[in-house]
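Asks: In the order they appear, the protein sequences are chains U and D.
Per the working numbering, the very first residue in the first sequence carries number 157; after that it's consecutive.
Per the working numbering, the very first residue in the second sequence carries number 387; after that it's consecutive.
It is worth saying that the hints were derived from the structure and are not from the lab.
Glycine residues also receive a C-beta, built at the ideal position from the N, C-alpha and C atoms.
Honestly, I wouldn't trust all of these hints.
Unchecked claim - Okay, the calculated beta carbon distance ranges per label pair:
1. L219/U with K508/D: 35 to 45 angstroms
2. P217/U with F437/D: 47 to 57 angstroms
3. N456/D with M189/U: 32 to 42 angstroms
4. T233/U with F437/D: 52 to 62 angstroms
5. L309/U with S617/D: 26 to 36 angstroms
6. P217/U with K508/D: 35 to 45 angstroms
As the list claims (entries may be wrong) - Here are the computed lysine-lysine pairs in the DSBU-like style, where the Cα-Cα straight-line distance is at most 35 angstroms:
7. K508/D with K611/D
8. K216/U with K460/U
9. K460/U with K697/D
10. K611/D with K701/D
11. K508/D with K697/D
12. K383/U with K301/U
13. K383/U with K460/U
14. K567/D with K701/D
15. K611/D with K507/D
16. K701/D with K301/U
17. K507/D with K460/U
18. K611/D with K460/U
19. K508/D with K701/D
20. K701/D with K460/U
21. K212/U with K567/D
22. K301/U with K697/D
23. K460/U with K508/D
Take a look at the letters that make up each chain.
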Amino acid sequence: MTSANTAHSVVEPSTGTRRLAGSIVVLYAIITMIPLVWIMLTAFKSPDDAISYPPKVTFKPSLEGFCNLFTTRSRQTPDFIRSLGPPQGLCDSIARSRNMVVAGPSNYAPRFVNSLIIAFGSTVLAVALGTLAAYGFSRFRVPLKGDLLFFILSTRMMPPIAVAIPIYLMYRTVGLSDTRLGMILLYTSVNVSLAVWLLKGFIDEIPREYEEAAMVDGYTRFQAFVKVVLPQATTGIAATAIFCLIFAWNEYAFAVLLTSGNAQTAPPFIPIIIGEGGQDWPAVAAGTTLFVVPIVVFTVLLRKHLLRGITFGAVRK
Amino acid sequence: MNELSASSRIAYRAAMVRPGVARRIRGLSDRTLAWLFITPTIVLLLAINIFPLLWTIYLSFTNYRANRPNAPVIWLGADWYQSILTDPDVWAAMQVTAHFVIWTVVIETVIGFGLAFLIDKKFRGHGIWTTIILLPMMLSPAVVGNFWTFLYQPQIGLFNYVVAFFTGRDASSFQMLGDVKLSPWAIVIVDVWMWTPYVMLICLAGLRSIPDYIYEAAEVDRASKWRQFWSITLPMALPFIMLAVLFRGIENFKMFDMVNLLTGGGPGSTTEVASITLKRAAFESWRTGYSSAFAIILFVSVFGLANIYVKALNKVKSR
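Chain U on its own, in the form it takes in the complex:
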């Protein structure tokens, strides 16, 4: 940051402008992070610290939120608790300090597993179908190509609740309601439109000459697709997969309307974690934190392709 302004082109902003712009953006970034950081702090607070006024910034860290997230507890008389043996593990001793005993595991772990299975299942399916279709649209002359592509995109414009009404009836008839398979198929159908549009963009960027050269060398079209195009499209496929994964992981509307127990994912479950006398905020915050951490990691991994993903490939740079 020297004062050698002459070395820059005339359109380069001055050092002062840059500093000012930088400080405003950093200020915005810090303000926007406060809610997220706050919820992560709350995850490590005891219930009393979490609801204290004024809000506590410094506090004694506690794992009670995580314990309450993963266990169910029942209130007992102090005499009964004294008659039990020594507490088993950290969560049990925290519970006993509040005159409770751990009664068993909560539903959070199975909901989290459901989220994992449904998100990964639908992502694999959507990306597989999407890659094939995208290659087809990218390389072959398909009749009504524009209309088909628009049709695929337009399925995304339907309000989720509008889709949920007939899906609810359809799944009830064929026995798919509240099943993981049903949710995987539903999320696949939502994600496949994104996958086709994104991957078509990525495959369009791979020069046709590569496959043509391979086909001249005696590969069939299919072999050329598998051995030449797929390796070239790896980055695009990975980016698309992460977008599909994030959508399925975050989805709430279908999950809350179409699942009740068996196939319920984490998003509809986290808000209904209730403690004694109202919502158990540290447990909710702990559930939120565990749920959000993978997304933060993925966002960092994906930062170069974010723009493309959120605009269905409409903006590429």
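Dock chain D against the given chain U, drawing on the hints supplied.
Replies: Quick look at chain D alone, frame taken from chain U:
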């Protein structure tokens, strides 16, 4: 060496064969392959999107109720459509939706474009800060709605504390989610927090697409920075801004998850956006026929508005 000559021999032979014949002897034809690749996707979308849509259209003309599957189904014609379009409650919901969509889109566009403009100055570390700013939009709307409920708690919430700290009011004197006047703004604030980065990212792409030489030419012509902004920056970034507005507009017209968790449409029906009215009709009072008709009306509105907007967008782009 040997390999090279082998492949060149194949190439030579391939060049000698007529193209049609070559295709036939090399596995599946392109046409078969094209349909083989595209059909699974189309079939899935037909089964999970189009068939249900057709079913919804059928149901919207009947008195069917999902909680009474065995009751006789009566054909009602366009009765539901007529009653929905003349129902003051539906229009109230549409007004709530319009308030939400317009304010969120306007505020997000202004802040988002402003941020993009500043980030485009390429200060030191702008990459890291941009990634940090982008985080909220990647989160689950359900989780966001839920933890903002916590921040909005009148007694213990951080939001009320911060507002009280800066305005000197009592933190428990106002309820963001419980007050008829404040709750429509409470949902706008959360949406702005979550989706401003989205608009920012698209605007940033727009600003970066403007080539430097245009500014250089303007400098040569001694155009002021102010003039450069209005005559170069804004018009050239406009298609991108409009794209962001289009995407946000459609998404917020359909808004359900975040509002459902923040207010559930309350207090009363002050934040009852169209999707929540639809959910209440479909999954709480089980008026399936009525809600199907409402769903179709919403879908047609989104679709129609989006089409008009895309036309305008193309006009701007081709300018």
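Asks: The structure should be examined with respect to each hint, and the outcome stated for every one.
Replies: Here is what the structure says about each hint:
In this structure the supplied range 35 to 45 angstroms holds for L219/U paired with K508/D, their Cβ-Cβ distance being about 43 angstroms. Evaluation of the 47 to 57 angstroms hint for P217/U and F437/D yields a pass: the beta carbon distance comes to about 53 angstroms. Between N456/D and M189/U the C-beta distance comes to about 54 angstroms, which lies outside the given range of 32 to 42 angstroms. With their beta carbons about 58 angstroms apart, T233/U and F437/D fall inside the hinted range of 52 to 62 angstroms.
Checked against the hint of 26 to 36 angstroms, the pair L309/U and S617/D passes, with Cβ atoms roughly 34 angstroms apart. Checked against the given bound of 35 to 45 angstroms, the beta carbons of P217/U and K508/D, roughly 39 angstroms apart, stay inside it. Note on K508/D and K611/D: the hinted pairing holds, with a Cα-Cα distance of about 17 angstroms set against a maximum of 35 angstroms. A hinted pair counts as satisfied when its Cα atoms are at most 35 angstroms apart, and K216/U with K460/U does not qualify at roughly 39 angstroms.
Pair hint K460/U plus K697/D holds up; C-alpha atoms about 29 angstroms apart against a cutoff of 35 angstroms. With a C-alpha separation of about 27 angstroms, the suggested pair K611/D and K701/D falls inside the 35 angstroms cut-off, and the hint holds. About 34 angstroms separates the Cα atoms of K508/D and K697/D, which keeps this hinted pair within 35 angstroms; it holds. Restraint check: the Cα-Cα separation between K383/U and K301/U comes to about 26 angstroms, which is no more than 35 angstroms; the hinted pair holds.
For the proposed pair K383/U and K460/U, the alpha carbon gap of about 26 angstroms is at most 35 angstroms, so the pair holds. Between K567/D and K701/D the alpha-carbon distance is near 39 angstroms, which puts this suggested pair outside the 35 angstroms criterion. Simply put, K611/D and K507/D have alpha-carbon atoms about 14 angstroms apart, close enough for the 35 angstroms limit, and the pair holds. Distance check on the hinted pair: K701/D and K301/U sit about 23 angstroms apart at the alpha-carbon level, within 35 angstroms; holds.
For the given pair, K507/D sits about 19 angstroms from K460/U by alpha-carbon distance, which is consistent with the 35 angstroms threshold. Between K611/D and K460/U the CA atoms are separated by roughly 30 angstroms; this keeps the pair inside 35 angstroms, and the hint holds. Between the alpha carbons of K508/D and K701/D the distance comes to roughly 31 angstroms, so the proposed pair stays at or under 35 angstroms and holds. Distance hint between K701/D and K460/U is fulfilled; the C-alpha atoms sit about 29 angstroms from each other, no more than 35 angstroms.
Of the supplied pair hints, the one linking K212/U and K567/D holds, its CA atoms being roughly 29 angstroms apart against a limit of 35 angstroms. Among the hinted pairs, K301/U with K697/D is consistent with the structure: their alpha-carbon atoms are about 20 angstroms apart, no more than 35 angstroms. Taking the CA atoms of K460/U and K508/D, the gap is about 16 angstroms. The hint holds against a cut of 35 angstroms.
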